[in-house]
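**Student:** Okay, here's what each chain looks like letter by letter:
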Amino acid sequence: MNPPNDPDDHLLRERFLQQRAEDHAAAPAWSARFLRVPAETTRRPQPVWLWPAAAAAACALLALPFVMKSAPPRADLSSLPPLLPLVTEPSTPLLQNTSFDLALTNSSSPTDFLLPTHLNIQIL
Amino acid sequence: MNSELSRQLETLHPDAFGWALHCVAGDYCRAEEVLSNAYLKYAQGKAQFAGGSSFKTWWFGVIRFTAQEDLRRTKFRQTLLGRLLEHLPLQQNTLARPTPSQHLERREDTTMLLQQLSLLPPRQAEVLHLVFYQDLTIAEAAALMGISLGSARQHYERGKHRLRANLKALPEPITL
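Top to bottom, those sequences are chains A and B.
Numbers 1 to 124, taken from this note's numbering, label the letters of the first sequence in order.
Numbers 1001 to 1176, taken from this note's numbering, label the letters of the second sequence in order.
Simulated from the structure, these hints should not be mistaken for lab results.
Be aware that one or more of the hints could be misleading.
Now the stretches of chain B that chain A is said to cover, found in silico as 3 or more residues with beta-carbon under 8 Å [stated by the list, open to error]:
| id | region |
| --- | --- |
| 1 | 1021-1034 |
| 2 | 1047-1058 |
| 3 | 1074-1081 |
| 4 | 1159-1166 |
Chain B is nowhere near these chain A residues, computed Cβ spacing over 10 Å in every case [claimed, not checked]:
| id | residue |
| --- | --- |
| 5 | L17 |
| 6 | Q19 |
| 7 | P38 |
| 8 | A54 |
| 9 | A55 |
| 10 | P65 |
Chain A stretches covered by chain B per the calculated footprint, using a threshold of three residues with CB under 8 Å from any CB of chain B [to be verified]:
| id | region |
| --- | --- |
| 11 | 21-35 |
| 12 | 107-113 |
From the three backbone atoms N, C-alpha and C, an ideal C-beta is built for every residue, glycine too.
Given the sequences, and given the hints that come with them, work out the whole structure.
**Tutor:** And the structure:
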């Protein structure tokens, strides 16, 4: 059911036939062994690193319970002394009993005049 | 095993190799591997001819499917995980054929044809190969490729015109 032969098709047909002849020449010869089922499938050799890696993984799994057991036990928090006993007492203002010399906070540097006025910083 | 079918396989062997070669983009080593795997499928009874189509169409379908499997396997092997699991480096085709001298013997016309064919969309190249090289009808090619007849005909016409135009646009080969 191919379409009617186009007169221009002969060029393509020729080239494909040439390719076909070359491929046939390069094709492997037919052998009856192609249709023979292999007696037993050959298995790929195991990689060298497979068994050591498996053994190491098994050892790690076996050692896991011991590692877990030897971990330091968690202490009961209620049995520990309170770390911040003062927190429970009524709070008092910080620096209540401290007196400062205010004159010290108003000191000025001799080079203050070099600064622009808007950067004149005073510690109060 | 059906001896009649085995005889047909033997008759089809050179063409089957040509088809396998097309399916693996001209790699001789992989074509041989694909063909061997296809024969193995037949021998093991994994691929059985039910008589729904011509034997050639069915057999070429098996080869096409096997080539697609091979392509997927090759892609997987190229991934890092694949290389790790397979425990082998990227495989190189050391047995690839033809030999360099055979390559030189390949006619320039054929080389140009293969080059131009590789520039076409895969479906177009496939249908042209099946019709011109394997001498199948477009309907058989459509059944093999798993597409409708109309679609196959469209691929055939477009591919043919494009290939012809490309080949005509090439400079004439120098003959000594």
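**Student:** So, for every hint listed, does it hold in this structure?
**Tutor:** Here is what the structure says about each hint:
Three residues within the 8 Å Cβ limit are the bar, and the region 1021-1034 of chain B against chain A gives 3, so the coverage statement holds. Coverage of the region 1047-1058 of chain B by chain A is violated. Counting CB-CB distances below 8 Å, 0 residues qualify, and the rule asks for three or more. Counting residues of the region 1074-1081 of chain B whose beta-carbon sits less than 8 Å from any beta-carbon of chain A gives 0, not enough to reach three: the coverage restraint is violated. Taking a C-beta to C-beta cut-off of 8 Å, the region 1159-1166 of chain B contributes 3 residues in contact with chain A, enough for the three needed, and the coverage statement holds.
In this structure A/L17 is not separated from chain B by more than 10 Å, as the shortest Cβ-Cβ distance comes to only about 8 Å. The non-interface label for A/Q19 is inconsistent with chain B: the shortest C-beta to C-beta separation is roughly 5 Å, within 10 Å. In this structure A/P38 is not separated from chain B by more than 10 Å, as the shortest Cβ-Cβ distance comes to only about 8 Å. Distance check for A/A54 against chain B: the nearest CB is about 14 Å away, which clears 10 Å, and the non-interface claim stands.
The Cβ of A/A55 sits about 18 Å from the closest Cβ of chain B, beyond the 10 Å cut-off, so the non-interface label holds. Non-interface status of A/P65 relative to chain B is upheld: no Cβ of that chain comes within 10 Å, the nearest being about 31 Å off. Check result for the region 21-35 of chain A against chain B: holds, 9 residues qualifying (beta carbon to beta carbon below 8 Å, three or more required). Interface restraint, the region 107-113 of chain A with chain B: violated (0 residues with C-beta to C-beta distance below 8 Å; minimum three).
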